[in-house]
Amino acid sequence: MKYPLGQLMMVLPLLSFLLWFSSIVISHNGLSTLLLGLTFIPFGMMSILLITFLQTSIEEHLLARVSSIIDSVLVSAMPLGALLGGIFAPVIGVGNMMLVSSTGLLAIVFYFLFNKNIRSLPKIEDIQLQE
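Those letters in the sequence shown? Residues 22 to 152, by this note's numbering.
In short, the hints are calculated from the structure, not lab data.
A hint or two may mislead.
Derived DMTMM-like pairs: lysine to aspartate or glutamate, alpha-carbon spacing no greater than 25 Å straight-line [unchecked claim]: (1) Lys137 to Glu80; (2) Lys144 to Asp92; (3) Lys137 to Asp147; (4) Lys144 to Glu80; (5) Lys23 to Asp147; (6) Lys144 to Glu81; (7) Lys23 to Glu146.
Note that the structure is predicted; figures quoted are calculated from it, not measured.
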């Protein structure tokens, strides 16, 4: 990999945010749909990089436990997001709800930006388990 993981963890969600935000403010339906679809490419890249990071930095005998805990937290948050989206979208409008949702990606950018440990992560091939 050419770039340090810490930098990619800031750039990829920012790119996803910009694509998602652009898809909301552009009035052309076809272009808006294309941009919204493109939003998930950098986000998917970020997910793959995080999974790779976890698999290379966690001891093998703990990997299944850590992975199942992370997956459980993520999957259990989905119904909550769907419920909140279903409640607030009719109140504030679908476009505004999408704007609010896209700011979640911006929150990820700022979290990674202000977290020195994440920001300083090296390239994935340079990550090793500490003994």
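Lysine 137 and glutamate 80: Cα distance at most 25 Å?
Holds, because 23 Å separates the two Cα atoms, which is no more than 25 Å.
Pair hint outcome, lysine 23 versus glutamate 146 [Cα-Cα no greater than 25 Å]
Measuring from Cα to Cα gives roughly 10 Å; hence the hint holds.
Take the C-alpha atoms of lysine 23 and aspartate 147, compute the straight-line distance between them, and say whether it is at most 25 Å.
With Cα atoms ~11 Å apart, lysine 23 and aspartate 147 stay inside 25 Å; holds.
Within 25 Å, alpha carbon to alpha carbon, are lysine 144 and glutamate 81?
holds (20 Å)
Holds or violated: lysine 137 to aspartate 147, with C-alpha atoms at most 25 Å apart:
holds (18 Å)
Can you confirm whether the C-alpha distance between lysine 144 and glutamate 80 stays at or below 25 Å?
holds (18 Å)
25 Å limit on alpha-carbon distance, applied to hinted pair lysine 144 and aspartate 92
Roughly 24 Å separates the two Cα atoms, so the pair holds.
Hint compliance for this structure: no hint is broken.
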